[in-house]
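Engineer: Chain order of the listed sequences is A and B.
Heads up: the first sequence begins at 1 in the numbering used here, then just goes up one per residue.
Heads up: the second sequence begins at 1001 in the numbering used here, then just goes up one per residue.
In case anyone wonders, no lab produced these hints; they're calculated from the structure.
Predicted model, so just to flag it, every value in this text is computed and none were measured.
Even for Gly, the Cβ is constructed at its ideal location relative to N, Cα and C.
Hints may be right or wrong, so weigh each one.
Here are some of the chain A residues that sit facing chain B, going by a computed Cβ distance under 8 Å [unchecked claim]:
1) T4
2) L5
3) G15
4) A21
5) Q189
6) R211
7) V212
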Amino acid sequence: MLKTLRELRRKGILGINARNARYILPNNARKDYPAVDDKLLTKQIAAEAGLAVPELYGVIRSNHEIKRLPQILEGLDDFVIKPAQGSGGDGILVVASHSGDRFRLVSGELMTLDEIGYHVHMILAGIYSLGGQPDKTLIEYRVQFDPLFEKIAYQGVPDVRIIVYFGVPAMAMVRLPTRQSGGRANLHQGAVGAGIDIATGVTLSAVCNDRVVTEHPDTGNPVSGLQIPYWEEMLMLAARSQQLTNLCYQGIDIVLDREKGPLILELNARPGLAIQIANQAGLKPRYDIIEAHAGTHDGDAARVAFARERFRADRPIV
Amino acid sequence: MKNTHAYILAAVLATIGIAVFMYKWAGLGLPLTPNESTQTWQIESRISFRGQMGPIKVTLPIPVDSGQYAVIDQVFVARDYGLSTQLDGVNRRTVFATRDAHGDQTLYARFTVHKVPRGRDFSPNQETVEKPETSLAGARRLAAQALVETAKAKSADVTTLTLAILERFRHAGNDDSVDTLLAKLSDPLEIARAAVEVMHLAGHPARVVSGVRLVPQGRNVNFVHWIEVNIEGAWQPFSLNSDAPGIPENYFPWWRGGAAFAQSSMSGDVSVATTVARAAETTEWSALVPANFAERRVLDFSLLTLPLDTQQVYRLILMVPLGVLVLVVLRNVIGIITFGTFMPVLIALAFRETTLIWGIVLFVIIVGAGLLVRVYLEYLKLLIVPRLACVLISVILLMALLSLLTNKLGIDRGLSVALFPLVIIAMTIERMSIIWDENGPAAAFKQGLGSLAVATVCYFAMSVEYLEHLFFFYPEILLVLLALIVLLGRYSGYRLSEIWRFRDLAKTAG
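Chain B extracted, bound-state conformation (with noise of 0.2 Å):
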């Protein structure tokens, strides 16, 4: 009776999730795989700050052509306030009004970008060129003077005297001149606007440059900034960081002179999140032209309508409850044993960030100093809660000494220990070792192994990217795994692990 009903059950999930997919698949020709031949990106910035009472005017400056790529979509999500477009020197930018802005304010600015197949010249704006003034003065002046005498010393043309000026910029510290024209400043843009000044007061014009790299996937991403040289009426870009000229193909240009990203008529912070996605796949999303209204209501309620950021973490959402079936799959019907119910699915989490060697051997420390923490702790016979405390801030301090100690060996991969969910890495630290007192430290291994096991085994199945992809375009599959959980919280059979716990009993006669 019971089975018969959880048959019917994931019968008719699996059967609404099959539905739902075909029709979108076939019906409405969404892909199946993630396309990579497209060069389109997605950048959105989410600029939120605190309004205050009385008028505000937010304004971001909105990328153009650039022969590289070309901005193709342009949307701004405000609630409650007006939008226009004001021209600031070279740049555009929008504008953002309200009467009475009070409370936290979101702003949205999302623009769709596409690499030209071959790239034009440079120069997108044909505007004339002015003898350049520079604004530097007094030590300053005197300073960047004596640098573009050495650099003019060593170049022949423009592009070289650059080329040496930006190289002695790169080797700020041990540059006496370089160091009172930057006064120590390490912000990139300030660096960019001292080498501006640098070309300036050399007799040529150059502009600061600012713009986001374009990677596949990244969540709020830095700014990256250089510079243009106007040589012979042609804009010229060169890299802060690079001794050739020319900047890396996937900078995009966003906006020039080296002002601020946001500028607000307020005093108070105005934070921005600027989030980039290859969107290869949302260019094909609106290619299609759904033929009718409910074709279209279909699309409409598709993940892809939501805020980019919100997107990326329904990526990685829609890919625990794999992690949940292949758990489920190891302890039901393998019978490994494991430490908390969902702990290694927690884990196989943190290792994507981490990466899954490192993501072990980081486990590994954690939990094993922290074991030591413990054993000190049970000496001193402290209350049971306060103790779990002592044990989580003991942890928080290890994984900021580990990231201290990589970030001074130069690992990077050590920085992401703090992507490991400290409750969970507590709880098991106290479990494993009421294991080891109770049972002896090979249970606790065993279990640990296990834990370690199947977070491992989660991890692989969690980091396909041709499922990342499905599950995202396809939530609807969701259904289908859940109709096999409900068939495997029925399944009645052996375990694996007990064909070998029972093997004294297939060799008896009887």
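The shape of chain A in the complex, shown without the other chains (with noise of 0.2 Å):
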């Protein structure tokens, strides 16, 4: 066991109490949290900042405004139900169609009008938010995923996380849903996360329940050498989201919609460390450099550029 924990010191692997004690609670201020954690409000950041987000079609605040519910899905044939401050993917509904009062979620399920309302009823009391306060409902559009993810994702979106460090990308992944996370895109449900080289933009090795994997769990197909399409808007996207909430550590979520390009989805201020593993790499050698650095680059494209110089899988970082 020592000798793990050497290897894991070594190669300047993140454990959870250094990236809090290190990285989050000195960087991150707490006024800025309702930023990431309020989707809401980080959605209307990012539209203010010219920045693409899935379109909203409606919020729902109070129990009181449920019966809204028929007349904010009036002429949607599918669409996202999610509270505005869950964490984990937990509380989504995704729903592929609908006829009449009959929802057919994508997961096969059916559910009535009344059911939805009574979700949305939970969503509201804060079963699924942070903390359980009280929240709000968001309805949202659904995104049509890139064709390319079709062989290695099992029913729902996957998403690109690319954590950020002072505005310069640090650390890649697409996460990929599986049987197991129920078409969530979490890891810690068990999605699989497929490492990305920050310079090329080609996925590497993945990570499934904390175990390095080559495969798709359940199409069984492999998971590396795949080229992300829009990897430079990403990573664009990426090294412009410390300006909209100030938060010097954090993740942003990003999906790739067959029509509308790369969206964001989400920012989060405690992105998880499982990266790690799908990239095979520890966060802290990248973390220093960024640290040497910090200051040094002109505008986003400059921290961009640094990234893909610095940060190559083909090379050890140094």
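Need the complex rebuilt from these two chains, each delivered in its own frame; the hints are there to steer you.
Structural biologist: Set out below in structure tokens:
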């Protein structure tokens, strides 16, 4: 066990205590958290900055507004219902089609309007929100994911997670839903995360349930060697995200829509650490480099270029 | 920068804590270990009642040396009350009197009792014994006579006669004459009074004795009652529930004659709460004669100057920081996931009362049954606050049911289920069922087991008697615990669980 410990330390693998004590607590001010914890706020800030986000169809803020649900859903064939302050993908309903009073979820389950109303009530009461405080319900555009991911995603929508430290993209992965994760792209629920080479945007090895894997557990297709489209644009979105929230340490989740290109799905002030297993690399050496060059870059493009130059999969990080 | 600040704070806290500790230990010579050899108890009664307008008089019996025990100190605390002593038969009673008492009134009486190494003969009072008169009349007198007749036939002397009569009293219920006498009374004091009347009828002087059992620690103890019979000029004690003469060694006689403990001149209820604690430590404490004013001030500022029942509460509360420290280590250094931040510590506190195995069994039964209720409520689609309220009420009903069942089965441990923190249990059930829905039963069980494991470890840490003594005498050690927790708050190393989590990363080259 001591050997494992030494090896982890040598590779600069970040533990949760170090992430909180060394990076999150000193760099992220509490007052800036609402911008990432409240997805409605995130959406508004991003839209004001002119960045693309999934279109918002409606917001339900209180129980008596639930009766507006049919009016909001009028004419919508597919949509997503999610809590504004949810965590870990909990409480999200993805409706694939609907006819009359019957809604079909992507999982194949059927729900009535009443059942959807009850689900909205649960969201409002705060059972999915951080700390259990009352929440808002968002109804938004259901992303049509790029056919590229068809072979390596089970049901839900894959997204690209990039960890950004002082505006520099530090590490990235694409999160692929599995049967175990119930179509959600959250690693702790059993989704697959495939590491992405920052320099090229090509996928590397992957992680599932904290173990290194090479293929998708449901489809059996290899997850490595895939070129992520719009890679430069995604890195640019990541580099800009710090100006949106003032958070020096955050994760950005980007979805790739078939027609609309990269859209910002959400931001995260406490991005998970399994991304290190996906990339088979530690975060600490990259943060050291970013800290050593902090303040020397001129603009988003310069920070992206710096990241693509220094964080290459084919060369050790120095 | 931030670390330096935390290190300095921790160092300052630890230094203050250790300095005060060293001063009290080396300078004042306070004991480091609980001393079990001296046999001294503190008995404290709190008498509370609601005063009415106008003068009030409350009297309490004062214990006297009994041959087995010597009363070495007595203190009465009653603000705005005058104190005097009156003689009432063989007892001395202290009188609390005031001209005007309104609102809630609280009086304290504290006695320090020391066990005399070699017990002397009984018979503390040398009063002349008169021929007894019985107050029994009518059917009760006839029943008593029948009882005396049969008992006399089966006995040789006064001692065996007394034992024979008490034997009959113990088997009330299938004995008509005893039933008539007791008229279905089950109060030990009433039984003792009836036994005395029967002894009087048989022509032997007897009296009721009331007192407490001297246990190491007891809050709200009940009074015990037994009888004394005058045999050839000496009073011999007889326990109501033993078939041999004499009483258990830890019975401390307080007053005689079968009167109520507290007597007042007003009509309302007077409630009495009596606490017993072995006070071996306290005598050593009072034996310390502080040399100067400053040292006396330090001792005055100790928790031992609080009322006894408050002291007992602090003995428990002061162990909580230790449980919290263990919790911080288990969560942030080992990496065990639990429900709620401090839930395991509260459960561990409950375990102290229920004992560990019973605690775990009761906890699993209640949470398990609560989960079933929760599954049913899920089906009803209730709103969230009413749903939580339903779970809470179900938990209370379950607890009551469990207490009733275990009581019927004669398992008295089951009664302590009521000590579990209700709201915490209801929240645990709610959290567990949400995790069950969202992440599957495996995750829910993992966190449930984690919580129980953490609670168990906290329980073991919090039930070390030696540490309880240490924290109570030296509360400044809590500053050292605080310093440790501040340091843990800046711990940025791996959690033990992460070595497992990132095991694949250690294997690969690079």
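Engineer: Work down the list of hints and note, for each, if the structure agrees.
Structural biologist: Quick rundown of the hints versus the structure:
no., hint, result
1, T4, "holds (4 Å)"
2, L5, "holds (6 Å)"
3, G15, "holds (4 Å)"
4, A21, "holds (4 Å)"
5, Q189, "holds (6 Å)"
6, R211, "holds (6 Å)"
7, V212, "holds (5 Å)"
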